[in-house]
Amino acid sequence: MDLQDEILIPTPIETVYAALNDPEILQDSIPGCEELIKHSDTELEAKVTLKIGPVKARFNGNVTLNPEDPPRRFSLTGEGSGGAAGFAKGGATVELEQQPDGQTLLRYQARAEIGGKLAQLGSRLIQGTAKKLAAKFFSNFSEAVQVRENS
Amino acid sequence: MNDMTPDRDDRIANLKGMGCARKRVEDVRFTQGKGNYVDDIKLAGMLHGDFVRSPYAHARVKSINTDAALALPGVIAVLTAKDLEPLNLHWMPTLAGDKQMVLADGKVLFQGQEVAFVVAEDRYIAADAVELVEVEYEDLPVLTDPFAALQSDVVLREDLAGQDSGAHGPRRHHNHIFLWEEGDKDATEQVLDSAEVVAEEMIYYHRTHPCPLETCGAVASMDKVNGKLTLWGTFQAPHVVRTVASLLSGIEEHNIRVVSPDIGGGFGNKVGVYPGYICSIVASIVTGRPVKWVEDRMENLMATAFARDYWMQGKIAATKDGKITGLWCHVTADHGAFDACADPTKFPAGFFHICTGSYDIPVAYVGVDGVYTNKAPGGVAYRCSFRVTEAAYFIERMIEVLAIELGMDAAELRAKNFIRADQFPYTSALGWEYDSGDYHTAWTKALDAVDYAGLRREQADRVAAFKRGETRKLMGIGLTHFTEIVGAGPVKNCDILGMGMFDSCEIRIHPTGSAIARLGTISQGQGHATTFAQILATEIGIPADSITIEEGDTDTAPYGLGTYGSRSTPVAGAATAMAGRKIRAKAQMIAAYLLEVHDNDVEFDIDRFVVKGVPERFKTMKEIAYAAYNQAIPGIEPGLEAVSYYDPPNMTYPFGAYICVMELDVDTGEHEIRQFYALDDCGTRINPMVIEGQVHGGLTEALAIAMGQEIAYDEMGNCKTGTLMDFFLPTAWETPNYTTDHTETPSPHHPIGAKGVGESPNVGGVPAFSNAVHDAFRAFGLRHAHMPHDHWRIWKIANQLGLHG
Numbered sequence: 001m002d003l004q005d006e007i008l009i010p011t012p013i014e015t016v017y018a019a020l021n022d023p024e025i026l027q028d029s030i031p032g033c034e035e036l037i038k039h040s041d042t043e044l045e046a047k048v049t050l051k052i053g054p055v056k057a058r059f060n061g062n063v064t065l066n067p068e069d070p071p072r073r074f075s076l077t078g079e080g081s082g083g084a085a086g087f088a089k090g091g092a093t094v095e096l097e098q099q100p101d102g103q104t105l106l107r108y109q110a111r112a113e114i115g116g117k118l119a120q121l122g123s124r125l126i127q128g129t130a131k132k133l134a135a136k137f138f139s140n141f142s143e144a145v146q147v148r149e150n151s
Numbered sequence: 001m002n003d004m005t006p007d008r009d010d011r012i013a014n015l016k017g018m019g020c021a022r023k024r025v026e027d028v029r030f031t032q033g034k035g036n037y038v039d040d041i042k043l044a045g046m047l048h049g050d051f052v053r054s055p056y057a058h059a060r061v062k063s064i065n066t067d068a069a070l071a072l073p074g075v076i077a078v079l080t081a082k083d084l085e086p087l088n089l090h091w092m093p094t095l096a097g098d099k100q101m102v103l104a105d106g107k108v109l110f111q112g113q114e115v116a117f118v119v120a121e122d123r124y125i126a127a128d129a130v131e132l133v134e135v136e137y138e139d140l141p142v143l144t145d146p147f148a149a150l151q152s153d154v155v156l157r158e159d160l161a162g163q164d165s166g167a168h169g170p171r172r173h174h175n176h177i178f179l180w181e182e183g184d185k186d187a188t189e190q191v192l193d194s195a196e197v198v199a200e201e202m203i204y205y206h207r208t209h210p211c212p213l214e215t216c217g218a219v220a221s222m223d224k225v226n227g228k229l230t231l232w233g234t235f236q237a238p239h240v241v242r243t244v245a246s247l248l249s250g251i252e253e254h255n256i257r258v259v260s261p262d263i264g265g266g267f268g269n270k271v272g273v274y275p276g277y278i279c280s281i282v283a284s285i286v287t288g289r290p291v292k293w294v295e296d297r298m299e300n301l302m303a304t305a306f307a308r309d310y311w312m313q314g315k316i317a318a319t320k321d322g323k324i325t326g327l328w329c330h331v332t333a334d335h336g337a338f339d340a341c342a343d344p345t346k347f348p349a350g351f352f353h354i355c356t357g358s359y360d361i362p363v364a365y366v367g368v369d370g371v372y373t374n375k376a377p378g379g380v381a382y383r384c385s386f387r388v389t390e391a392a393y394f395i396e397r398m399i400e401v402l403a404i405e406l407g408m409d410a411a412e413l414r415a416k417n418f419i420r421a422d423q424f425p426y427t428s429a430l431g432w433e434y435d436s437g438d439y440h441t442a443w444t445k446a447l448d449a450v451d452y453a454g455l456r457r458e459q460a461d462r463v464a465a466f467k468r469g470e471t472r473k474l475m476g477i478g479l480t481h482f483t484e485i486v487g488a489g490p491v492k493n494c495d496i497l498g499m500g501m502f503d504s505c506e507i508r509i510h511p512t513g514s515a516i517a518r519l520g521t522i523s524q525g526q527g528h529a530t531t532f533a534q535i536l537a538t539e540i541g542i543p544a545d546s547i548t549i550e551e552g553d554t555d556t557a558p559y560g561l562g563t564y565g566s567r568s569t570p571v572a573g574a575a576t577a578m579a580g581r582k583i584r585a586k587a588q589m590i591a592a593y594l595l596e597v598h599d600n601d602v603e604f605d606i607d608r609f610v611v612k613g614v615p616e617r618f619k620t621m622k623e624i625a626y627a628a629y630n631q632a633i634p635g636i637e638p639g640l641e642a643v644s645y646y647d648p649p650n651m652t653y654p655f656g657a658y659i660c661v662m663e664l665d666v667d668t669g670e671h672e673i674r675q676f677y678a679l680d681d682c683g684t685r686i687n688p689m690v691i692e693g694q695v696h697g698g699l700t701e702a703l704a705i706a707m708g709q710e711i712a713y714d715e716m717g718n719c720k721t722g723t724l725m726d727f728f729l730p731t732a733w734e735t736p737n738y739t740t741d742h743t744e745t746p747s748p749h750h751p752i753g754a755k756g757v758g759e760s761p762n763v764g765g766v767p768a769f770s771n772a773v774h775d776a777f778r779a780f781g782l783r784h785a786h787m788p789h790d791h792w793r794i795w796k797i798a799n800q801l802g803l804h805g
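Line by line, the protein sequences are chains A and B.
Take 1 as the starting number for the first sequence in my numbering and just add one per residue.
Take 1 as the starting number for the second sequence in my numbering and just add one per residue.
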C-alpha cells in the first residue's frame with residue numbers, strides 16, 4: 001500500500017521539524033496513540049489502538065528515524081504488531097519546504113505492508129482508513145504546532 | 001394376468017423403491033431448524049476451545065507467553081506444542097503420508113496456522129484470551145508460488161531437511177514433495193514429435209475451497225470413570241477418525257466412540273483430520289471435562305483443506321482432420337505447507353490420470369510434481385472424486401484449444417474422438433478400465449436439445465453485429481463431455497491409511513416388518529436416509545417409509561470408509577443391495593417353509609414370495625418377518641438380519657454432456673447465463689428428484705468456481721479471501737435456471753447398476769462455464785485465459801483483445 005500527500009502548515013520550517021521530533025506533540029497528534037516513548041533521538045516506541053473495519057487492535061510498534069537532511073528531509077521505518085489482529089511494517093519519507101509566506105509545505109510518501117487479520121478483513125477498507133488516519137494526524141499536528149507557536 | 005396389473009402397480013408404488021421421486025425424509029427436520037449439528041451439542045460442564053493463529057505466512061516462533069491469557073478469569077488452560085510434545089501429539093500424520101504440526105513447533109508455515117489452543121469456560125472468554133496470548137515472531141521469506149518454491153534456497157520444511165525421499169518416492173529439492181508419473185512418456189513424446197498438429201497450453205485450475213455452510217468442529221468428552229472417549233464431529237469418515245484417534249492417542253479402539261451428527265455440507269472439506277480435533281481430545285483428557293471447538297468462517301477458509309491449485313501444462317497431438325493421437329501433461333501441484341491431500345494412499349495425485357476423458361486416445365503420459373509453499377495444506381476432492389475435476393477441466397480445455405488449432409468445430413472434434421459404445425469395457429492409455437458408456441448417444445441428444453446448429457448461426461450473426469458496432473454483447477457456447485471415475489474403491493488398489501476402501505451395510509428386520517439399516521457412510525446433505533431406503537425397498541419388499549437409515553455412530557454402524565468422491569452409492573449402495581439380497585435369501589427359505597413347498601418353488605414378487613405359477617399362494621415380507629421371530633422353523637435360526645461388506649470390483653464411470661450458453665458484456669465484464677443444459681448418465685437412477693437436486697447444487701458450485709470463487713494470496717502470504725465478502729458463494733440472485741436430462745447406461749458390475757451422481761455436475765459444470773467464456777471470444781483470437789472468470793478478468797480479456805477500441 002502506498003500513500004502520498006502534501007499539507008500546508010502555517011508555521012516556519014524549523015518549528016515544524018522540531019515538532020516532528022517532539023514525542024508529546026506526536027502522541028497528541030497520532031490518532032489512538034496511548035503512549036509514545038522516545039528512547040533516543042532516532043528511536044521511538046509507541047502503543048496505538050486502531051480500528052479498521054471490524055478489527056480493533058492495540059499495536060506495539062517501534063519507529064526508527066533517519067534525519068537525512070534536517071530540517072528539510074528525513075525518513076523513517078517502523079513495524080508494529082497487533083497480536084491476533086496482525087502486523088504492519090513500512091516506511092516513509094518526509095520533505096519540508098519553507099514557503100515564501102512563512103508557511104511550510106510538508107510532503108510525504110509512505111509505503112506499508114500489512115499482514116494477518118487486518119490484511120484479510122480490512123483489505124477493502126485499509127487504504128481509505130489509512131488516508132483518513134493520515135489526514136487526521138496532520139490536522140491534529142498542524143493544530144498542535146500552532147498551539148505551541150502561540151503559547 | 002391383466003386383472004393383476006393395477007394391484008401390482010399399487011404394490012410397487014407403495015414401496016417407494018428405486019426410480020421413485022420420493023420426497024427427502026431428512027427435510028422435515030432440516031426445513032424446520034430441527035437438525036442436530038455439532039454446535040447444537042451442549043454437555044454439562046462443557047468447555048470451549050479457540051485457536052491462536054499465525055498472522056504470518058512464514059515465521060520463526062521465538063516465544064509464546066501465555067501468562068496474561070491464563071490470568072483471565074474463566075480460562076482453564078492454554079496448550080502449546082510444548083504441552084503436546086510429551087504425548088507425541090505436537091505433530092500428526094496426514095492422509096497423504098506426510099506429517100503436519102498440530103500446534104506450531106518452532107515455526108509457522110502458513111497464515112492461520114494453529115499456534116496455541118485456549119480452553120475456557122465459555123466461547124467469549126476463549127476468544128478474549130486468544131488476544132492475550134503474546135507470540136513473538138521473526139518473519140521469514142514467503143513462498144506462495146510453486147514454481148519459485150522449486151527454485152528457492154528458502155527451506156520451508158526444516159523437519160524434512162536431508163530427506164531425499166518421501167512417502168511417494170524421491171524428492172529432488174527441499175520444497176519438492178513427489179513426482180508421480182503414469183503412462184508411456186517416451187511413446188507419447190514420439191507421437192508429439194511426429195504429429196501433424198500439436199496444441200500446447202498451460203491450464204491453471206486455481207485454488208478454491210469447499211466452504212460448507214457449517215464449518216468444521218468437534219466436541220470431545222473423556223469419561224475418566226469408564227475410560228471411554230466420545231467424539232462428536234463434522235466427520236465425512238467417522239470410522240477412519242476413530243481408528244486414527246486410537247492410533248494417535250493409544251486409547252483402545254473399543255473405548256472410542258465417534259459420532260457424526262447432522263452435517264451441514266462437506267464437499268471434501270471434512271474428510272481430513274484437523275488440529276482442532278486433536279486439541280479438543282487432549283484438552284478433554286487434561287481437564288476431565290467435555291471440550292467443544294467450532295471454527296469460524298475465516299478459520300475455515302484460511303486454514304482447513306482447500307481444493308485444486310493445479311498448474312497443468314498440456315500437449316495434445318492430432319491428425320490434420322482431427323483424430324487425436326496422443327496426450328501429454330505435466331502438473332505442478334501446489335500442496336501448501338504440509339501434504340494433507342485426501343487421496344487413496346497409492347494415488348498422490350488422486351485419479352488425475354482419468355485426464356484422457358471421454359476420448360479414445362492411443363497414448364498418453366502424466367507427470368505430477370507436488371510442491372510445498374507457504375499456503376494452507378489440503379488438496380481435497382471438492383465435490384469431485386480425487387483430482388477428477390482437475391482432469392476433466394484439463395482435457396475439456398485442451399480439446400477446445402485443439403479445435404482452435406485445427407480450425408474445427410469443438411462439438412465435431414469431440415464426437416470424432418469419443419470412445420464408441422462398442423469399445424466398452426475400454427482400457428485407457430493411462431490404465432483405467434471404463435466400465436460402460438454411450439457417449440455418442442448422449443452427445444447427439446444434448447446437441448439436438450439446444451439446437452446446436454441454430455446457436456452457432458446466432459453466434460456468427462452476433463459476431464458480425466458486434467463488428468458492425470451494433471452490440472456490445474458477445475455470446476459463448478460452452479461445451480463439455482466429461483467422464484468421471486468414482487466409487488473408490490477396490491481394496492486391491494484403494495486404501496486410506498492402510499484401510500481398504502470397501503463399505504458396509506447392516507440390516508435388521510423387525511418382527512412387525514419394518515426395518516433399520518446402518519451404513520458405514522455418512523450423509524452431509526446427500527439424502528442417504530431417503531435413497532438407501534429406496535434401494536432396500538426394492539430389494540426386500542418392505543416400504544421405504546418403514547425403513548430407518550442410520551449412519552455416523554461408530555458404536556452402532558458397521559465399519560466403512562465414509563462419504564466423499566461419490567462413493568456412497570457405488571460402494572455402500574452396493575453393500576445395501578447385497579445385504580438386502582441376503583435377507584431375501586433367508587426370507588425365501590422361510591416363505592417356502594410357511595407355504596410348504598421347496599425353496600426353489602417360490603419366487604420374489606415385489607413385496608412377497610409367491611409359489612411359482614400359483615400367484616394366489618404367497619407370503620408377504622411382513623408375514624415372513626413375523627414368522628422369522630415367532631415361529632420355530634427347522635434348520636433356520638430365528639431373526640432376520642444381514643450384514644454385507646462390499647469390495648467393489650471396479651470404479652464406476654458416470655458421464656455427461658453439458659452445454660452452457662452465456663452472454664458477456666464486453667465493457668463491464670458481466671455475464672448472463674442464458675441457458676444451461678445438463679445431461680447426466682449415472683447408470684440406474686434411484687431417485688430422480690434427489691438426482692436433480694444434486695445436479696442443481698453441483699452446477700451452482702461449478703458456477704461459483706468458474707466465475708469467481710478463489711482462495712487468493714498476496715505476496716506476503718496473506719489469504720485475501722477469508723470472508724464471504726471476498727469468497728464468492730452464489731445466492732439465488734446469481735444462480736441461473738438449469739435444464740436437466742439423462743440417458744441411462746447401467747454399470748455392469750454394480751449390483752443395481754448405479755454409478756453415483758453427486759459430483760458429476762461440478763466436474764462437468766466447471767469446464768462448461770469456462771468454455772462458454774472462452775468460446776465467446778474465440779472469434780477474436782482468445783486461446784486460453786485462467787479462471788476464475790470474474791467480471792474484472794472478463795473485462796481484462798476483452799481489453800487485451802483490443803475490444804475496447
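Simulated from the structure, these hints should not be mistaken for lab results.
Because the structure is a prediction, the values reported are computed rather than measured.
Treat the hints loosely; a few may be bogus.
FRET-style restraints, in silico, Cβ to Cβ [as the list claims (entries may be wrong)]:
| id | chain 1 | residue 1 | chain 2 | residue 2 | range |
| --- | --- | --- | --- | --- | --- |
| 1 | B | Pro73 | A | Asp2 | 52 to 58 Å |
| 2 | A | Glu97 | B | Gln163 | 24 to 30 Å |
| 3 | A | Thr93 | B | Leu497 | 53 to 59 Å |
| 4 | A | Thr93 | B | Ala460 | 55 to 61 Å |
Heads up, the beta-carbon is just placed ideally off N, CA and C, and yes, glycines get one too.
Evaluation of the provided hints:
At about 44 Å, the beta-carbon gap between Pro73(B) and Asp2(A) misses the expected band of 52 to 58 Å. Restraint check, Glu97(A) to Gln163(B): a C-beta distance of roughly 60 Å breaks the suggested window 24 to 30 Å. A beta carbon spacing of about 56 Å between Thr93(A) and Leu497(B) agrees with the range 53 to 59 Å that was offered as a hint. Checked against the given bound of 55 to 61 Å, the beta carbons of Thr93(A) and Ala460(B), roughly 58 Å apart, stay inside it.
In summary, the numbered hints that this structure violates are 1, 2.
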